[in-house]
Amino acid sequence: MPLSSIDVHAATPERWDDVADLFERKGPHGGLPQTDGCWCQFWHLRGNAYWDGHGMGNRRRLEAEIRSGTEPGLLAYVDDVLVGWCRVGLRESFDRLEHSSKLVRIDDQDVWSVVCFYVHPSAKRGGVAATLLEAAIERAAAHGAPILEGYAVRDGHMNIDAYTGYLSMFLEAGFEVIRDAGRRTIVRRGL
Numbered sequence: 000m001p002l003s004s005i006d007v008h009a010a011t012p013e014r015w016d017d018v019a020d021l022f023e024r025k026g027p028h029g030g031l032p033q034t035d036g037c038w039c040q041f042w043h044l045r046g047n048a049y050w051d052g053h054g055m056g057n058r059r060r061l062e063a064e065i066r067s068g069t070e071p072g073l074l075a076y077v078d079d080v081l082v083g084w085c086r087v088g089l090r091e092s093f094d095r096l097e098h099s100s101k102l103v104r105i106d107d108q109d110v111w112s113v114v115c116f117y118v119h120p121s122a123k124r125g126g127v128a129a130t131l132l133e134a135a136i137e138r139a140a141a142h143g144a145p146i147l148e149g150y151a152v153r154d155g156h157m158n159i160d161a162y163t164g165y166l167s168m169f170l171e172a173g174f175e176v177i178r179d180a181g182r183r184t185i186v187r188r189g190l
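With numbering that gives the first Met the number 0 applied, the sequence shown covers 0 to 190.
These are computed hints drawn from the structure, not numbers from a lab.
Treat the hints with care, since some could be wrong.
[To be verified] In silico DMTMM-like cross-links for lysine to aspartate or glutamate, where the CA-CA straight-line distance does not exceed 25 angstroms:
| hint | residue 1 | residue 2 |
| --- | --- | --- |
| 1 | Lys25 | Asp51 |
| 2 | Lys101 | Glu13 |
| 3 | Lys25 | Glu13 |
[Unchecked claim] For each label pair, taking beta carbons as the anchor points, the in silico distance ranges come out as:
| hint | residue 1 | residue 2 | range |
| --- | --- | --- | --- |
| 4 | Arg182 | Glu133 | 35 to 43 angstroms |
| 5 | Glu23 | Asp109 | 28 to 36 angstroms |
| 6 | Met55 | Ala180 | 12 to 20 angstroms |
| 7 | Ala140 | Asp51 | 35 to 43 angstroms |
| 8 | Asp35 | Gln108 | 27 to 35 angstroms |
| 9 | Arg124 | His98 | 29 to 37 angstroms |
| 10 | Ser167 | Lys101 | 17 to 25 angstroms |
| 11 | Lys101 | Ser3 | 36 to 44 angstroms |
| 12 | Asp94 | Asp6 | 26 to 34 angstroms |
| 13 | Asp78 | Gly181 | 36 to 44 angstroms |
| 14 | Asp6 | Arg45 | 31 to 39 angstroms |
| 15 | Gly46 | Trp15 | 22 to 30 angstroms |
Quick reminder that beta carbons are idealized off the backbone N, C-alpha and C, glycines included.
Generate coordinates for the entire structure from the input sequences, incorporating the hints supplied.
Shown next, in the form of structure tokens:
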């Protein structure tokens, strides 16, 4: 069921505490936080650099990014509570993506990429990810990006891979399929 009002803001230094709370918040039934130590560093770091920092190291990296004022992501709030995150930026800023053998660059354009969505379980199926995607489109366009690229999974695919977004969400937002890349489908939208 769509949520009544979703407000989106850039991940600015004054919002760091909200981000930390979201990534450390347990699910609605308790248990471990859903983000499992990633702190949205998977696409930035390759190999051991990611795993060596898994947990607190990755947390410190994301905190440093946000506190530096680079605004590396977008935040979705419902009733003043942060319930969603989206990572968007220049493709070349994502080291793992740039060196991926499956998600190979299509061309040499200054593409922006949306690589991660995290929606707290309490807000899933409420339109949070789609709202964040629309905000990512606006952000990339405002920064002069000619293209926004995503790495969608097919609908119904395992949830563990769905953090890059479902194909149907991208298609509904005006993206086009560019290439099948195994578990993911490269999609693009001209801005």
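Here's how the hints hold up against the structure:
1. Between Lys25 and Asp51, the direct Cα distance comes to roughly 23 angstroms. Compliance with the 25 angstroms bound is thereby established for this hinted pair.
2. Only pairs whose Cα atoms come within 25 angstroms are accepted, and Lys101 paired with Glu13 is rejected, the gap being roughly 37 angstroms.
3. Pair hint Lys25 plus Glu13 holds up; C-alpha atoms about 22 angstroms apart against a cutoff of 25 angstroms.
4. Separated by about 25 angstroms at the C-beta atoms, Arg182 and Glu133 break the suggested range of 35 to 43 angstroms.
5. Taking 28 to 36 angstroms as the suggested C-beta distance range, the pair Glu23 and Asp109 conforms, at roughly 34 angstroms.
6. Distance hint for Met55 and Ala180: a CB-CB separation of about 32 angstroms, inconsistent with the stated range 12 to 20 angstroms.
7. For Ala140 paired with Asp51, a C-beta distance near 36 angstroms keeps the hint of 35 to 43 angstroms intact.
8. Take Asp35 and Gln108: their Cβ atoms lie about 33 angstroms apart, and the range 27 to 35 angstroms holds.
9. Judged by the Cβ atoms, the range 29 to 37 angstroms given for Arg124 and His98 holds: they are separated by roughly 34 angstroms.
10. The given range of 17 to 25 angstroms is respected by Ser167 and Lys101, whose C-beta atoms sit roughly 21 angstroms from each other.
11. Remark: the range hint 36 to 44 angstroms for Lys101 to Ser3 is upheld by a beta-carbon distance near 39 angstroms.
12. The beta-carbon spacing between Asp94 and Asp6, approximately 31 angstroms, falls within the hinted interval of 26 to 34 angstroms.
13. Evaluation of the 36 to 44 angstroms hint for Asp78 and Gly181 yields a pass: the beta carbon distance comes to about 39 angstroms.
14. The hint said 31 to 39 angstroms for the Cβ distance between Asp6 and Arg45, and at roughly 34 angstroms that hint holds.
15. A beta carbon spacing of about 27 angstroms between Gly46 and Trp15 agrees with the range 22 to 30 angstroms that was offered as a hint.
Going through the hint list in order, the structure does not satisfy hints 2, 4 and 6.
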